[in-house]
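Each protein sequence line maps, in turn, to chains A and B. With our numbering as the guide, the letters of the first sequence map in order to residues 1 to 231. With our numbering as the guide, the letters of the second sequence map in order to residues 1 to 231.
Calculated directly from the structure, the hints in this document are not laboratory data.
Label pairs and their calculated CB-CB ranges:
#, chain 1, residue 1, chain 2, residue 2, range
1, B, 147, A, 131, 36 to 42 angstroms
2, A, 116, B, 147, 43 to 49 angstroms
3, B, 90, A, 71, 40 to 46 angstroms
For each residue, glycine too, the CB sits at the ideal point set by N, CA and C.
There are 2 protein chains.
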Amino acid sequence: MIDLQHSSEHADGVVDLLGLLSYATLSGFFRLSADAAVAASLPDKIALSEMAVAEYGHFRQLLGRLEQLNVDPDAAMRPFVPALDAFHARTRPADWLEGLVKAYVGDGISADFYRMIADLLDPRTQTLVNDVLADTGQADFVIVRVREAITENPSVAGRLALWARRLVGEALGQAQRVAAERESLARLLASGDPGQRGKIGRMFSRLTDANSGRMAALGLTSHRVPPADRP
Amino acid sequence: MIDLQHSSEHADGVVDLLGLLSYATLSGFFRLSADAAVAASLPDKIALSEMAVAEYGHFRQLLGRLEQLNVDPDAAMRPFVPALDAFHARTRPADWLEGLVKAYVGDGISADFYRMIADLLDPRTQTLVNDVLADTGQADFVIVRVREAITENPSVAGRLALWARRLVGEALGQAQRVAAERESLARLLASGDPGQRGKIGRMFSRLTDANSGRMAALGLTSHRVPPADRP
Numbered sequence: 001m002i003d004l005q006h007s008s009e010h011a012d013g014v015v016d017l018l019g020l021l022s023y024a025t026l027s028g029f030f031r032l033s034a035d036a037a038v039a040a041s042l043p044d045k046i047a048l049s050e051m052a053v054a055e056y057g058h059f060r061q062l063l064g065r066l067e068q069l070n071v072d073p074d075a076a077m078r079p080f081v082p083a084l085d086a087f088h089a090r091t092r093p094a095d096w097l098e099g100l101v102k103a104y105v106g107d108g109i110s111a112d113f114y115r116m117i118a119d120l121l122d123p124r125t126q127t128l129v130n131d132v133l134a135d136t137g138q139a140d141f142v143i144v145r146v147r148e149a150i151t152e153n154p155s156v157a158g159r160l161a162l163w164a165r166r167l168v169g170e171a172l173g174q175a176q177r178v179a180a181e182r183e184s185l186a187r188l189l190a191s192g193d194p195g196q197r198g199k200i201g202r203m204f205s206r207l208t209d210a211n212s213g214r215m216a217a218l219g220l221t222s223h224r225v226p227p228a229d230r231p
Numbered sequence: 001m002i003d004l005q006h007s008s009e010h011a012d013g014v015v016d017l018l019g020l021l022s023y024a025t026l027s028g029f030f031r032l033s034a035d036a037a038v039a040a041s042l043p044d045k046i047a048l049s050e051m052a053v054a055e056y057g058h059f060r061q062l063l064g065r066l067e068q069l070n071v072d073p074d075a076a077m078r079p080f081v082p083a084l085d086a087f088h089a090r091t092r093p094a095d096w097l098e099g100l101v102k103a104y105v106g107d108g109i110s111a112d113f114y115r116m117i118a119d120l121l122d123p124r125t126q127t128l129v130n131d132v133l134a135d136t137g138q139a140d141f142v143i144v145r146v147r148e149a150i151t152e153n154p155s156v157a158g159r160l161a162l163w164a165r166r167l168v169g170e171a172l173g174q175a176q177r178v179a180a181e182r183e184s185l186a187r188l189l190a191s192g193d194p195g196q197r198g199k200i201g202r203m204f205s206r207l208t209d210a211n212s213g214r215m216a217a218l219g220l221t222s223h224r225v226p227p228a229d230r231p
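Please construct the entire structure, taking both the sequences and the accompanying hints into account.
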């Protein structure tokens, strides 16, 4: 009885993670192709389009797995549409640079979140998730472009640092919302931990810590937010 | 001497056609992915994204051929950016249905134009162009959705018929601009014809004729533009 319950909880968690990740990669495809459309040069348009198409390839892999599991992809994704759409609506980049930072910081923190869930699931799901979250080359492109922009005009660093912190706040807020609203995910994340909230809280601290490396890579850590920009 | 001149004219024509078609497919990818992002349902989002990614595959094939010919893709595409961007700026769909009609009618007439140029070139270029212009499944999707919309609300037919005619006018205008501005294309299109303008004129009549079939497929032919909608 306990085993059965555990395996059904596990299956719900797998479907939830795959559904969430499917809609996230589909949204990622839309965002990257929109960024590509407004990129200033043809080589940048092509570089971003390649990332968009790679992201769509990840979406297809996830869809294939949902179909193998006889799960309707539409039904699996739908619960996560509001949280992801809300994240994107609340974090519309004001320009090209903010778009790049969003692609790198937002995708990075989401990927960490998905990997933490996958770690609680079966090896096959873990492999698929790690595959799908494999770097599309986006990171290098963003780091080069953001560092170039800061060298050219050091004053953008403060604005971008503030923007990156806002993205992290919004991403954690939506991740918390998803974890709280989906019982199967909440149970999974808290599994084996009598003090459930403690475990979820620690997970979110780990997400924030992991983000520091990305901020440093962009050259945004040593830049304090200028007082005038503080809300 | 004549042969050499002919072959250099031919080579310029090939590069121009590949450059034009490359930027057209890249723009097509941007437009289709933007349409997918605003589609109302997840299945429609997926169907349009699949078409967008197929279009990007065509772009890659063209890019590969330009690289084989040792031509810088950026330089090959750049001359055609203004005309294609102008076409898209002048024909921004007001809603989802206008976007669908644009995808079908606009892409259809462009494909006819590209095929007519390819027919004047070598078999290898012809094969590539026909490959790249192969239907991505978009046509069936659009026909079904537009016919559904007309059945649901017959009054949209008049508006869409007017819109389709505007698209054809804008497409022919930009095609004429491209043919006139690029000497190598103009020479190619007029090749072997002492009355050059006559030949190009007949080509444009053929483009208009070929469009009637698409209008009929959408169920838009029998619908006269209502007097109130006339400009």
